[in-house]
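Student: Could you build all of it, start to finish, from the sequences and the hints given here?
Note that the protein sequences, when read in sequence, are chains A and B.
Count the first sequence with my numbering and you get residues 276 to 626, in order.
Count the second sequence with my numbering and you get residues 276 to 626, in order.
Don't read these hints as lab results, they were simulated from the structure.
Errors might be hidden in some of the hints.
Any copy, or any two copies together, can satisfy a pair, since identical chains are not distinguished.
Stated by the list, open to error - Think about it this way: if two alpha-carbon atoms lie no more than 16 Å apart in a straight line, the pair counts; the simulated EDC-like pairs of lysine to aspartate or glutamate are:
(1) 367 <-> 525
(2) 529 <-> 604
(3) 475 <-> 315
(4) 524 <-> 542
(5) 410 <-> 517
(6) 593 <-> 372
(7) 549 <-> 526
(8) 395 <-> 597
(9) 410 <-> 525
Protein chains: 2
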Amino acid sequence: MAVHVALDAMGSDRGLGEMVSGAILALQESDSIEITILGDKDQILAALSRHPKFENIHIIPTTQVIAMEDSPFEAIRRKKDSSIVVAFEKLKQGKFDAVVSPGNSGAVLAAGLKYLGRLKGISRPGIAGLYPTMKGPVVMMDVGANVDCRPQHLYHFGIMASAFFSVMFDKALPRVGLLSIGEEGGKGNSLVRKTHHLLKDSSLHFIGNVEGRDTFQGDVDVIVCDGFVGNVCLKLSEGLAEAIFSMLKDEISKTFKAKMGYLLARDAFAQFRKRVDYAEYGGAPLLGLNGTGIICHGRSNALAIKNGLLVAAELIRKNVNDHIRHLLEVSQQTGDGSEEVRPLSQPGEIA
Amino acid sequence: MAVHVALDAMGSDRGLGEMVSGAILALQESDSIEITILGDKDQILAALSRHPKFENIHIIPTTQVIAMEDSPFEAIRRKKDSSIVVAFEKLKQGKFDAVVSPGNSGAVLAAGLKYLGRLKGISRPGIAGLYPTMKGPVVMMDVGANVDCRPQHLYHFGIMASAFFSVMFDKALPRVGLLSIGEEGGKGNSLVRKTHHLLKDSSLHFIGNVEGRDTFQGDVDVIVCDGFVGNVCLKLSEGLAEAIFSMLKDEISKTFKAKMGYLLARDAFAQFRKRVDYAEYGGAPLLGLNGTGIICHGRSNALAIKNGLLVAAELIRKNVNDHIRHLLEVSQQTGDGSEEVRPLSQPGEIA
Numbered sequence: 276m277a278v279h280v281a282l283d284a285m286g287s288d289r290g291l292g293e294m295v296s297g298a299i300l301a302l303q304e305s306d307s308i309e310i311t312i313l314g315d316k317d318q319i320l321a322a323l324s325r326h327p328k329f330e331n332i333h334i335i336p337t338t339q340v341i342a343m344e345d346s347p348f349e350a351i352r353r354k355k356d357s358s359i360v361v362a363f364e365k366l367k368q369g370k371f372d373a374v375v376s377p378g379n380s381g382a383v384l385a386a387g388l389k390y391l392g393r394l395k396g397i398s399r400p401g402i403a404g405l406y407p408t409m410k411g412p413v414v415m416m417d418v419g420a421n422v423d424c425r426p427q428h429l430y431h432f433g434i435m436a437s438a439f440f441s442v443m444f445d446k447a448l449p450r451v452g453l454l455s456i457g458e459e460g461g462k463g464n465s466l467v468r469k470t471h472h473l474l475k476d477s478s479l480h481f482i483g484n485v486e487g488r489d490t491f492q493g494d495v496d497v498i499v500c501d502g503f504v505g506n507v508c509l510k511l512s513e514g515l516a517e518a519i520f521s522m523l524k525d526e527i528s529k530t531f532k533a534k535m536g537y538l539l540a541r542d543a544f545a546q547f548r549k550r551v552d553y554a555e556y557g558g559a560p561l562l563g564l565n566g567t568g569i570i571c572h573g574r575s576n577a578l579a580i581k582n583g584l585l586v587a588a589e590l591i592r593k594n595v596n597d598h599i600r601h602l603l604e605v606s607q608q609t610g611d612g613s614e615e616v617r618p619l620s621q622p623g624e625i626a
Numbered sequence: 276m277a278v279h280v281a282l283d284a285m286g287s288d289r290g291l292g293e294m295v296s297g298a299i300l301a302l303q304e305s306d307s308i309e310i311t312i313l314g315d316k317d318q319i320l321a322a323l324s325r326h327p328k329f330e331n332i333h334i335i336p337t338t339q340v341i342a343m344e345d346s347p348f349e350a351i352r353r354k355k356d357s358s359i360v361v362a363f364e365k366l367k368q369g370k371f372d373a374v375v376s377p378g379n380s381g382a383v384l385a386a387g388l389k390y391l392g393r394l395k396g397i398s399r400p401g402i403a404g405l406y407p408t409m410k411g412p413v414v415m416m417d418v419g420a421n422v423d424c425r426p427q428h429l430y431h432f433g434i435m436a437s438a439f440f441s442v443m444f445d446k447a448l449p450r451v452g453l454l455s456i457g458e459e460g461g462k463g464n465s466l467v468r469k470t471h472h473l474l475k476d477s478s479l480h481f482i483g484n485v486e487g488r489d490t491f492q493g494d495v496d497v498i499v500c501d502g503f504v505g506n507v508c509l510k511l512s513e514g515l516a517e518a519i520f521s522m523l524k525d526e527i528s529k530t531f532k533a534k535m536g537y538l539l540a541r542d543a544f545a546q547f548r549k550r551v552d553y554a555e556y557g558g559a560p561l562l563g564l565n566g567t568g569i570i571c572h573g574r575s576n577a578l579a580i581k582n583g584l585l586v587a588a589e590l591i592r593k594n595v596n597d598h599i600r601h602l603l604e605v606s607q608q609t610g611d612g613s614e615e616v617r618p619l620s621q622p623g624e625i626a
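Tutor: As structure tokens, this is what we get:
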């Protein structure tokens with residue numbers, strides 16, 4: 276049976292046309308996906324008319340748009356007919372199985388929490404970011420949903436990210452590392468030192484603290500951190516990669532010989548860029564909701580949207596939330612999360 | 276008058292010979308520096324015998340070594356005749372003007388605090404890391420000394436790093452940014468939101484929050500963060516840069532054409548690597564002490580040590596500590612730091 280995924284077409288920096296192209300690419304690649312696009316009807320129809328026809332595509336017209344700079348809580352309260360709000364409302368009603376959005380990630384999280392609620396036992400939903408490394412992908416969680424965390428939250432990020440990694444890459448016991456500034460358990464800030472004990476006593480395959488430089492070595496599958504640190508790492512990595520290429524280009528353009536050399540080597544550069552392109556990874560799942568949501572980069576192109584849609588379908592097909600529940604159950608530290616019912620009352624908590 | 280700098284020759288991953296070579300390079304470059312090398316006398320003499328003779332070089336023999344994995348507080352208490360402890364003891368006695376060490380940074384900080392104490396008004400000394408960016412250097416502080424911080428500490432990091440940047444790069448009002456996960460003052464974790472107000476009301480040239488991706492753009496001179504986040508960023512950047520080069524090399528080696536291209540472009544690669552080489556920056560000053568200490572990377576080569584020694588001399592010559600005192604005075608938030616006399620009782624506080 277086809278998995279039915281909703282696509283919020285309104286929040287992207289690259290415009291609605293690119294979102295629609297992403298949906299078409301997903302339908303071309305998989306015949307077991309059905310897609311509903313939410314957004315401005317006329318624009319969606321116009322964009323669709325430039326592609327071959329597909330039966331598995333639907334439209335839900337919406338009239339409002341939540342902007343990147345909108346305050347998440349106010350926006351989902353005030354903009355009831357926005358693509359993000361309607362998407363989660365209809366997901367709750369069972370109209371589809373998952374939501375994919377490149378829009379305001381705080382609003383996606385707030386709408387997810389409001390309409391779907393949290394998975395039982397999970398204290399805080401978070402965003403799981405996928406990175407390329409020298410050997411394979413690594414999941415970092417949280418990369419921006421929770422900026423002030425307690426050890427229990429980080430412990431749950433470890434569980435959720437492990438379940439996600441298992442499902443996506445067919446690995447029964449992903450290696451879980453705790454992001455810190457030294458390998459010994461006593462190293463790190465107060466939050467990390469307390470979390471270390473929780474993870475050590477859990478049923479996860481905890482390999483101990485990892486440092487920033489281990490992130491890209493590929494010797495760890497899941498990296499646990501709070502959403503402030505995770506988001507800083509995410510943006511630092513993007514910025515550094517851009518800066519390195521820009522400085523390298525600068526040096527190469529200084530001599531004719533180097534320019535010639537670059538021309539010969541440029542396929543290798545292109546291959547490399549493909550290998551580290553975020554678009555290949557297709558968005559970051561919002562884990563811990565009683566339902567499935569994927570947050571795509573605001574700059575997502577069609578390829579990234581396609582991959583986001585396919586990842587959403589995969590998570591549904593493989594029941595990632597059942598895996599999370601199972602891991603919570605087998606673990607000894609199964610908190611019921613009840614001490615943390617506060618559903619994101621502080622706007623500063625969302626990146 | 277020559278500035279007299281002490282060099283701890285025992286803590287480096289690359290061995291004592293490389294440290295001694297660094298001292299010789301510094302003496303070759305500057306005739307207003309005098310250097311005392313602390314460490315194993317026989318080894319130092321053997322290393323010196325391989326270089327031309329200089330008058331401005333001295334030896335203080337020490338018999339103990341603080342290892343990278345030693346607990347800082349225990350080590351400086353137990354290893355009284357280690358190069359790090361003797362260096363700060365003699366600095367306190369006025370035998371020289373500054374200490375440069377590539378050893379256990381926690382022990383350097385602990386010894387600095389024990390023998391020199393804090394600058395009046397500074398709540399916590401911290402480590403100021405210099406990064407290359409697309410336009411020029413940026414100072415990030417703290418990069419590892421204080422993992423659990425209060426707003427007042429971050430505020431003082433801003434003051435100290437500004438004074439350091441002014442002195443090193445002759446810029447009267449360095450642009451100070453606060454590392455966060457969104458530009459608006461309300462974005463970030465609780466620590467960052469509170470610090471934002473302190474910096475905004477200060478006499479520093481505060482340009483607001485900056486994000487990870489701004490770090491390498493060169494549009495900010497000083498980036499303020501806690502030592503946990505700063506240390507994660509430092510190691511993540513190192514790891515990512517290494518991973519990018521390694522993956523690129525991997526792609527380039529796959530085809531003959533690309534290999535030829537690389538050979539033609541390799542001078543550009545070398546230029547680029549020189550531009551971003553940490554060794555060009557020569558170590559991270561430990562600011563906030565009542566004296567001057569420079570922490571060099573454990574993997575420092577002779578070039579990095581030379582630059583560390585010259586930076587130390589520059590800080591003395593330009594009275595960086597007077598600049599810090601001055602900035603503290605003109606600022607409205609001049610805390611006297613007295614609420615934080617706790618001199619690093621927790622080992623986990625040091626990276």
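Student: Now tell me, hint by hint, if it's right for this structure.
Tutor: Quick rundown of the hints versus the structure:
In this assembly of identical chains, residue 367 and residue 525 lie within 16 Å of each other by CA distance neither inside one copy nor across copies; the values are 51 Å within and 47 Å between. Taking the shortest Cα distances, residue 529 and residue 604 never come within 16 Å of each other, neither inside one copy (60 Å) nor across copies (47 Å). Taking identical chains as interchangeable, the C-alpha atoms of residue 475 and residue 315 are never at most 16 Å apart, the minima being 49 Å within one chain and 41 Å between chains. For the identical chains of this complex, residue 524 and residue 542 are neighbours both inside a copy (15 Å) and across copies (12 Å), given an alpha-carbon limit of 16 Å.
For a Cα distance limit of 16 Å, the shortest separation of residue 410 from residue 517 across copies, 13 Å, qualifies, whereas the shortest one inside one copy, 21 Å, does not. Proximity of residue 593 and residue 372 under a CA criterion of 16 Å is satisfied intra-copy only: 12 Å inside one chain copy versus 65 Å between copies. For the identical chains of this complex, residue 549 and residue 526 are inter-copy neighbours only, at 11 Å across copies versus 22 Å inside a copy, given an alpha-carbon limit of 16 Å. Taking CA atoms no more than 16 Å apart as the test, residue 395 paired with residue 597 passes inside one copy only; the shortest distance there is 11 Å, against 57 Å between copies.
In this homomeric assembly, residue 410 and residue 525 come within 16 Å of each other (Cα to Cα) only across copies, at 12 Å, whereas the closest approach inside a single copy is 29 Å.
Checked against the numbered hints given earlier, the structure breaks hints 1, 2 and 3 and satisfies all the rest.
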